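2 protein chains.
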Amino acid sequence: MSKPTLDVLGIGNAIVDILVQTDEAFLNENGLIKGTMALVSSDDQWDLYEKTGQAIESSGGSAANTLAGVAALGSRAAFAGKVNKDQLGRVFGHDIRAASVTYETKMSIDGAPTATCLVLITPDGQRTMQTFLGACVEFSVEDLDIEQIQSAKVVYLEGYLWDPEPAREAFFKAAEIAHEAGRKVALSLSDPFCVDRHREGFLAFIEEHVDILFANEDEILSLYRLDDFESVAKRIQGVVEIAALTRSEKGSVIVTADAITPVPTRPVDKVVDTTGAGDAYAAGFLAAYTQGRDLTTAAVLGSLLASLIIQQIGARPSASAQDLLNQLDG
Amino acid sequence: MSKPTLDVLGIGNAIVDILVQTDEAFLNENGLIKGTMALVSSDDQWDLYEKTGQAIESSGGSAANTLAGVAALGSRAAFAGKVNKDQLGRVFGHDIRAASVTYETKMSIDGAPTATCLVLITPDGQRTMQTFLGACVEFSVEDLDIEQIQSAKVVYLEGYLWDPEPAREAFFKAAEIAHEAGRKVALSLSDPFCVDRHREGFLAFIEEHVDILFANEDEILSLYRLDDFESVAKRIQGVVEIAALTRSEKGSVIVTADAITPVPTRPVDKVVDTTGAGDAYAAGFLAAYTQGRDLTTAAVLGSLLASLIIQQIGARPSASAQDLLNQLDG
Chain P
1 MSKPTLDVLG IGNAIVDILV QTDEAFLNEN GLIKGTMALV SSDDQWDLYE KTGQAIESSG
61 GSAANTLAGV AALGSRAAFA GKVNKDQLGR VFGHDIRAAS VTYETKMSID GAPTATCLVL
121 ITPDGQRTMQ TFLGACVEFS VEDLDIEQIQ SAKVVYLEGY LWDPEPAREA FFKAAEIAHE
181 AGRKVALSLS DPFCVDRHRE GFLAFIEEHV DILFANEDEI LSLYRLDDFE SVAKRIQGVV
241 EIAALTRSEK GSVIVTADAI TPVPTRPVDK VVDTTGAGDA YAAGFLAAYT QGRDLTTAAV
301 LGSLLASLII QQIGARPSAS AQDLLNQLDG
Chain D
331 MSKPTLDVLG IGNAIVDILV QTDEAFLNEN GLIKGTMALV SSDDQWDLYE KTGQAIESSG
391 GSAANTLAGV AALGSRAAFA GKVNKDQLGR VFGHDIRAAS VTYETKMSID GAPTATCLVL
451 ITPDGQRTMQ TFLGACVEFS VEDLDIEQIQ SAKVVYLEGY LWDPEPAREA FFKAAEIAHE
511 AGRKVALSLS DPFCVDRHRE GFLAFIEEHV DILFANEDEI LSLYRLDDFE SVAKRIQGVV
571 EIAALTRSEK GSVIVTADAI TPVPTRPVDK VVDTTGAGDA YAAGFLAAYT QGRDLTTAAV
631 LGSLLASLII QQIGARPSAS AQDLLNQLDG
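As given, the protein sequences belong to chains P and D, one line each in that order.
Going by this note's numbering, the first sequence opens with residue 1, and the numbers climb by one from there.
Going by this note's numbering, the second sequence opens with residue 331, and the numbers climb by one from there.
Hints listed in this document are in silico derivations from the structure and should not be mistaken for laboratory results.
Check the hints yourself; a few may be wrong.
[Unchecked claim] Dumping the calculated BS3-like pairs for lysine-lysine here, alpha-carbon to alpha-carbon at most 30 Å:
#1 D:K381 <-> P:K85
#2 P:K3 <-> P:K34
#3 D:K503 <-> P:K51
#4 P:K34 <-> P:K184
#5 P:K51 <-> P:K34
#6 P:K51 <-> P:K85
#7 P:K270 <-> P:K184
#8 D:K600 <-> D:K364
#9 P:K270 <-> D:K503
#10 P:K106 <-> P:K184
#11 P:K173 <-> P:K250
#12 D:K600 <-> D:K333
#13 D:K514 <-> P:K106
#14 D:K364 <-> D:K381
#15 D:K436 <-> D:K415
#16 P:K250 <-> P:K234
#17 D:K333 <-> P:K85
#18 P:K51 <-> D:K436
#19 P:K85 <-> P:K3
#20 D:K333 <-> D:K364
#21 P:K85 <-> D:K415
#22 D:K580 <-> D:K364
#23 D:K514 <-> D:K503
#24 P:K106 <-> D:K381
These figures come from a predicted structure and were not determined experimentally.
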């Protein structure tokens with residue numbers, strides 16, 4: 001087995017976010033459930049977009065955000081996901097490469113446009129998302145770069161990739177290739193509604209293929225249809241090698257075969273926008289993990305990056321992320 | 331002559347900004363002159379974009395920003411400018427309408443893509459711009475809505491519109507229609523390099539067609555090739571009905587046939603991004619002017635909106651602009 005030349009390869013939906021500030025009334029008027037992600041058609045997204053205020057556009061995508069964070073923390077990062085060769089596809093490609101993430105997935109030429117996510121940010125910093133998957137539905141096993149998968153210490157998959165059919169197939173194939181090469185497979189459950197859509201599939205996939213599982217409290221409870229955290233932490237114990245369960249301001253809990261370890265975090269002054277908090281946690285955790293740090297340090301770095309992200313607008317870290325590593329060692 | 335149903339109609343380049351934070355070294359390495367706007371080809375813009383960090387996209391365009399400000403201050407605003415029917419064209423159209431500005435210019439279908447401006451923001455808040463005009467070069471007299479021009483108290487033209495040939499023709503035509511209807515014509519000189527490119531044309535146009543001229547110190551000095559402010563203020567006196575000359579932290583100077591009146595402004599705590607300071611000044615001034623306020627009040631509101639804009643990233647006001655009117659009356 002050759003030496004890994006990458007720390008983390010992420011596979012996910014390649015999405016450009018349309019960020020707009022709104023209020024609770026707007027969510028109610030349009031029948032939207034705060035804090036969730038819904039899949040919508042291009043037309044439905046457009047109808048809602050037309051009712052919103054001035055927006056800004058910023059590259060997003062859950063795993064893509066995570067890989068940008070991994071790279072910002074000095075680890076070797078790559079991403080695979082599908083965009084169209086349109087203006088927003090160019091924007092996505094520029095931004096992920098500008099974040100020092102290797103990105104080589106072939107652009108779609110004739111198909112659906114690049115995916116967009118309309119992100120409605122309420123004054124409490126919560127985001128409500130309406131995603132049109134666009135070109136993401138074309139990502140398939142043919143887009144997998146086998147050598148790249150074999151070369152990464154961890155292959156990180158986002159749960160959202162379960163939504164587009166051909167990508168789900170690629171999901172399984174990537175996990176298979178990674179394990180054959182002796183690498184780790186990580187999965188993020190993405191959101192409770194995503195878990196709801198694919199519970200049986202996720203359960204089977206996790207049991208068979210996942211080494212490192214990322215989930216927040218709602219997601220892991222939804223996965224096992226349980227309603228208290230202690231039971232679910234015990235339930236996941238031994239199913240995966242490591243489960244990193246995030247609990248918002250309480251920090252996270254690391255579950256391994258031997259132990260269930262809470263790792264608290266410091267409170268933040270003001271939550272501006274929670275977009276990408278989970279993505280950032282996974283980034284901090286994976287950067288530390290692939291740099292050979294212990295699991296508690298990985299959890300601390302995950303929470304630190306998450307707290308940085310929720311105090312700014314947008315889901316990707318600014319250049320100051322590297323300072324977090326210094327905080328760890330200081 | 332019928333009663334005006336619009337306060338301000340702006341005609342300008344319809345542009346989406348790509349905003350990126352950078353440093354002085356990057357400008358030097360790429361031979362860019364800080365604080366200026368240069369016209370570039372799509373390829374040259376792309377080459378530079380590839381070297382920049384993660385960016386965000388936000389609707390821009392000088393006159394378009396001004397009209398968004400006019401509307402935010404409660405005046406009736408419309409904008410005319412050309413985009414392509416592509417993703418960024420849709421973004422531009424959404425954002426200007428979301429700012430409560432009427433926008434009905436026909437989209438280009440087959441031509442060049444929607445214009446983009448790569449805005450490089452240095453730590454001192456200065457912006458250096460590389461503009462690819464794209465679909466803007468297709469704006470022509472045929473895009474003028476004669477009734478709309480006749481219905482606006484002020485037709486506001488941006489100097490940048492002098493760059494694309496067919497738009498320049500539309501410029502003259504719009505001024506002619508406005509004056510025949512007894513309306514005012516306002517012009518912004520946009521930037522000293524723009525003045526340099528078109529000095530003779532500007533001088534003739536101003537003398538013949540302009541009632542209200544907006545310029546900062548560098549621009550008005552460049553126009554008359556003079557080097558002290560007092561001389562140039564006297565030089566413009568009587569050439570136009572009103573010249574509103576902005577002087578950064580010194581506020582502005584209002585020149586009329588009878589008087590040259592300095593109107594100071596309050597200093598701001600921290601300059602974040604000067605993009606759109608001049609656009610915002612014109613917005614505040616025109617909103618007050620068309621609401622029948624005196625010129626000093628118009629200058630004060632111009633400076634207030636400009637100081638709001640330079641303390642945020644991006645060139646369009648947030649919802650709080652309306653508060654400025656309360657400050658005036660408070």
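These are the hints, each one checked on the structure:
1. D:K381 <-> P:K85: holds, 19 Å
2. P:K3 <-> P:K34: violated, 45 Å
3. D:K503 <-> P:K51: violated, 34 Å
4. P:K34 <-> P:K184: violated, 34 Å
5. P:K51 <-> P:K34: Measuring from Cα to Cα gives roughly 17 Å; hence the hint holds.
6. P:K51 <-> P:K85: Answer holds: K51 (chain P) to K85 (chain P) is near 27 Å, not above 30 Å.
7. P:K270 <-> P:K184: violated, 36 Å
8. D:K600 <-> D:K364: Holds, at roughly 19 Å.
9. P:K270 <-> D:K503: violated, 52 Å
10. P:K106 <-> P:K184: holds, 25 Å
11. P:K173 <-> P:K250: violated, 36 Å
12. D:K600 <-> D:K333: violated, 43 Å
13. D:K514 <-> P:K106: violated, 53 Å
14. D:K364 <-> D:K381: holds, 17 Å
15. D:K436 <-> D:K415: Holds. K436 (chain D) to K415 (chain D) sits at ~9 Å (cutoff 30 Å).
16. P:K250 <-> P:K234: With a Cα-Cα distance of about 18 Å, the restraint between K250 (chain P) and K234 (chain P) holds, given a limit of 30 Å.
17. D:K333 <-> P:K85: violated, 49 Å
18. P:K51 <-> D:K436: holds, 21 Å
19. P:K85 <-> P:K3: It is violated: about 34 Å lies between the C-alpha atoms, which goes past 30 Å.
20. D:K333 <-> D:K364: violated, 45 Å
21. P:K85 <-> D:K415: Satisfied, since the Cα-Cα distance of roughly 16 Å is no more than 30 Å.
22. D:K580 <-> D:K364: Within the cut-off at roughly 21 Å; holds.
23. D:K514 <-> D:K503: Satisfied, since the Cα-Cα distance of roughly 14 Å is no more than 30 Å.
24. P:K106 <-> D:K381: Cα-Cα ~21 Å, so holds.
Of the numbered hints stated above, those contradicted by the structure are hints 2, 3, 4, 7, 9, 11, 12, 13, 17, 19, 20, listed in ascending order.
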